[in-house]
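Now for the letters of each chain:
Protein chains: 2
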Amino acid sequence: MGSLLPYARKHKVAVIGSGNWGTAIAKIVAENTASNPAIFEKDVQMWVYEEKVEIPKGSRHYDPASPLCQGPQNLTDVINQTHENIKYLPGITLPANLHANPSVVDAVKDSTILVFNLPHQFIIKTCEQIKGKIVPYARGISCIKGVDVQEEGISLFSETIGKILGIYCGALSGANIASEVAQEKWSESSIAYDPPHLDSKAPSPNRSPSSSTVDVVHFEHKDVSGQLSRVKLQALPSDYPPVDHAVLKSLFHRPYFHIRVVHDVAGVSLGGALKNVVAIAAGWVEGMGWGDNAKAAVMRVGLLEMVKFGEKFFGATINTRTFTEESAGVADLITSCSGGRNFRCAKLSVERKQPIWKIEETELNGQKLQGTLTAHEVNKFLKKQGCEDEFPLLTAVYRILEGDMSIEDIPSHIER
Amino acid sequence: MGSLLPYARKHKVAVIGSGNWGTAIAKIVAENTASNPAIFEKDVQMWVYEEKVEIPKGSRHYDPASPLCQGPQNLTDVINQTHENIKYLPGITLPANLHANPSVVDAVKDSTILVFNLPHQFIIKTCEQIKGKIVPYARGISCIKGVDVQEEGISLFSETIGKILGIYCGALSGANIASEVAQEKWSESSIAYDPPHLDSKAPSPNRSPSSSTVDVVHFEHKDVSGQLSRVKLQALPSDYPPVDHAVLKSLFHRPYFHIRVVHDVAGVSLGGALKNVVAIAAGWVEGMGWGDNAKAAVMRVGLLEMVKFGEKFFGATINTRTFTEESAGVADLITSCSGGRNFRCAKLSVERKQPIWKIEETELNGQKLQGTLTAHEVNKFLKKQGCEDEFPLLTAVYRILEGDMSIEDIPSHIER
Numbered sequence: 001m002g003s004l005l006p007y008a009r010k011h012k013v014a015v016i017g018s019g020n021w022g023t024a025i026a027k028i029v030a031e032n033t034a035s036n037p038a039i040f041e042k043d044v045q046m047w048v049y050e051e052k053v054e055i056p057k058g059s060r061h062y063d064p065a066s067p068l069c070q071g072p073q074n075l076t077d078v079i080n081q082t083h084e085n086i087k088y089l090p091g092i093t094l095p096a097n098l099h100a101n102p103s104v105v106d107a108v109k110d111s112t113i114l115v116f117n118l119p120h121q122f123i124i125k126t127c128e129q130i131k132g133k134i135v136p137y138a139r140g141i142s143c144i145k146g147v148d149v150q151e152e153g154i155s156l157f158s159e160t161i162g163k164i165l166g167i168y169c170g171a172l173s174g175a176n177i178a179s180e181v182a183q184e185k186w187s188e189s190s191i192a193y194d195p196p197h198l199d200s201k202a203p204s205p206n207r208s209p210s211s212s213t214v215d216v217v218h219f220e221h222k223d224v225s226g227q228l229s230r231v232k233l234q235a236l237p238s239d240y241p242p243v244d245h246a247v248l249k250s251l252f253h254r255p256y257f258h259i260r261v262v263h264d265v266a267g268v269s270l271g272g273a274l275k276n277v278v279a280i281a282a283g284w285v286e287g288m289g290w291g292d293n294a295k296a297a298v299m300r301v302g303l304l305e306m307v308k309f310g311e312k313f314f315g316a317t318i319n320t321r322t323f324t325e326e327s328a329g330v331a332d333l334i335t336s337c338s339g340g341r342n343f344r345c346a347k348l349s350v351e352r353k354q355p356i357w358k359i360e361e362t363e364l365n366g367q368k369l370q371g372t373l374t375a376h377e378v379n380k381f382l383k384k385q386g387c388e389d390e391f392p393l394l395t396a397v398y399r400i401l402e403g404d405m406s407i408e409d410i411p412s413h414i415e416r
Numbered sequence: 001m002g003s004l005l006p007y008a009r010k011h012k013v014a015v016i017g018s019g020n021w022g023t024a025i026a027k028i029v030a031e032n033t034a035s036n037p038a039i040f041e042k043d044v045q046m047w048v049y050e051e052k053v054e055i056p057k058g059s060r061h062y063d064p065a066s067p068l069c070q071g072p073q074n075l076t077d078v079i080n081q082t083h084e085n086i087k088y089l090p091g092i093t094l095p096a097n098l099h100a101n102p103s104v105v106d107a108v109k110d111s112t113i114l115v116f117n118l119p120h121q122f123i124i125k126t127c128e129q130i131k132g133k134i135v136p137y138a139r140g141i142s143c144i145k146g147v148d149v150q151e152e153g154i155s156l157f158s159e160t161i162g163k164i165l166g167i168y169c170g171a172l173s174g175a176n177i178a179s180e181v182a183q184e185k186w187s188e189s190s191i192a193y194d195p196p197h198l199d200s201k202a203p204s205p206n207r208s209p210s211s212s213t214v215d216v217v218h219f220e221h222k223d224v225s226g227q228l229s230r231v232k233l234q235a236l237p238s239d240y241p242p243v244d245h246a247v248l249k250s251l252f253h254r255p256y257f258h259i260r261v262v263h264d265v266a267g268v269s270l271g272g273a274l275k276n277v278v279a280i281a282a283g284w285v286e287g288m289g290w291g292d293n294a295k296a297a298v299m300r301v302g303l304l305e306m307v308k309f310g311e312k313f314f315g316a317t318i319n320t321r322t323f324t325e326e327s328a329g330v331a332d333l334i335t336s337c338s339g340g341r342n343f344r345c346a347k348l349s350v351e352r353k354q355p356i357w358k359i360e361e362t363e364l365n366g367q368k369l370q371g372t373l374t375a376h377e378v379n380k381f382l383k384k385q386g387c388e389d390e391f392p393l394l395t396a397v398y399r400i401l402e403g404d405m406s407i408e409d410i411p412s413h414i415e416r
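In the order they appear, the protein sequences are chains C and X.
Residue numbers for the first sequence follow UniProt numbering, beginning at 1 and rising by one.
Residue numbers for the second sequence follow UniProt numbering, beginning at 1 and rising by one.
Careful, some of the hints might be misleading.
You can't tell identical chains apart in this list, so a pair holds if it fits in one copy or across any two.
Unchecked claim - With a straight-line cut-off of 30 Å between C-alpha atoms, the simulated DSBU-like cross-links for lysine-lysine are: (1) 358 - 185; (2) 185 - 308; (3) 353 - 185; (4) 185 - 57; (5) 312 - 10.
No wet-lab data here; the hints were simulated from the structure.
Chain C extracted, bound-state conformation (with noise of 0.2 Å):
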């Protein structure tokens, strides 16, 4: 483990996006640069998007002698004086060594690794915002839930970034409801992390011989529409401990936070993405009052349709066995189909005889469903590659959603 030998140079962290999940995945994050000094340095920046909040009258920061408590602030002043992040994750004190920072330029600046944690909205242009200004041989970890999907083809958010900024970038995945990790309550959680063999001592074939000191391979990547990709990677200078799974695991991994580290970037992403999909048929189930052994099948449908989806449009580029094993697979879809949010509105449009956008209306605050989404997106790809048939529940959701397919066809429909 690269941890144990003496290196130089420390990897300094930081976090992009301190929304519910960002922040406490910036927690955790802290949290163990502190508890790992020989490989991190101490200190965390996080990015937060600028906004001005009130300390609420009642709130255990109120204190009207304050001067943070005279009118509005920066979310950024309130996060850094209080160690807690009162608009998105009130409640749980945050490490000290963690420094929220309004410029993500400066956030990221000198950083050695990068973990995101956006809304899929805001990535495309926070990731222009940094390209060049970051540390060349940096690399990446996604937190960001699911995929990418269009009509032409599926593409991974941990990709969109790692070709933006030039650098490798992996993903993280698994059955965590944020406020319950930010509570410490125990959970478990999966690393996909498979940069080609630039950071290993391991000689690569890859390996370009054009230069002593900066290392550089040129990593290919086809996505599932056949678009060829080449990003042009740099190697980590040998003063740092290498970016390997163990480091990674050192990173975020805590007593109430158990980590797996895989190599199967696709199969860890695709789980986030068509679990909720399934969860708003689990939900319909629930709402209809079928029973446990109906949702069950449901699940059960669905775990398959999962594994099929990724052995037929990313083939040997997964291991369909993220699916049945790691917390990003199997836990998740148990999670989601149990009190996520996608399971909840599902149920509620049953039970109030209401379509769901109108329960995502009234129940969200302005939020919008993942699965909704989803289902729609995964359709209209499926559709293009003429597969609905093969993949009768994902069909079957997009269906009932559109109003062309009742709630009571599902069992028929997937009969096989």
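We have chain C already, so just place chain X on it with the hints.
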């Protein structure tokens, strides 16, 4: 499919056992013999362990003028006249072609398909009673959940039945709660059936050439402890439809009860045993209030250990995808960890701070928890094999039951 060909004879079906699961299965079987007249004789015999019952006042069958309501009556008479098993499956109307029979020997007479659905402790005794009194070329399906785990090895109930009777016996198991199935709420189940190639038309290298009229094969089986058994199996006369996967599906599949037939008898049987141990752990975690993430983590690790148990002790004779793909695997695990009896008692034991045997006493009305029993048996077996450490969750459940570990230690114990 055999059912499309014209055969001179039809299969006669008997159900041995009439508890709530036995009666629910008998209902399905009788519905299917009635709707598949080309393959099956319509009338189905169900062996009922005779006892005296009284039709309660207020029952829909209560009529003070009826002879059936004059004091205690035979359960078989009540079932045959009211078409309801008022003792074990009250409120469910049974098909008129299902006949309760107090004599097991008479019930199985001339039957070519025997469906076993008995409590574990009655299997051997009942089989001994009918040994030599059944059609020699009968085939069996065991609906008895679980496996028989001893320190020395593991045997499947289907094999025990097959050995005693000298017939081939498959297994049915799945995410099925008897009362929900009886109410025709939709669920799925798995049948595993993999006899030597005797009933099929394909030539078999094992087929004995000794007789041209009665085809006989010697079916060898080595169990986990290495004990070899040899069953002389008699071929079905060719004027019967062969008992193949399609015929079994015709006998058990209903619009509300979806059957997948597979070959893996060991996997289907083992899933039904080990999931009860996992359900105890899930109940504890829920009782502790650790949240959905933690429960999903325990279930994930449980599923992994089920797969590993199969791989390690059954080797190539098991298909580990049974655990992750079939109703008898992951779906049954999910149902059992949602509201099954083992889950509920474990949860209550934490909430009430009482040992689980105390909860068992007060909550189960004299019935026994399968999960605690299996946890002990499995541990004895694992200890003998020197493999406790390789199955940390199964081992943790045993140790907590024994008072040698606390529930709080589960996360660190199963961490790897």
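Checked hints:
1. 358 - 185: between (32 Å within a copy, 28 Å between copies)
2. 185 - 308: between (33 Å within a copy, 27 Å between copies)
3. 353 - 185: between (35 Å within a copy, 21 Å between copies)
4. 185 - 57: within (28 Å within a copy, 52 Å between copies)
5. 312 - 10: Answer is neither; intra-copy 42 Å and inter-copy 43 Å both fail.
The earlier numbered hint that this structure contradicts is number 5, and it is the only one.
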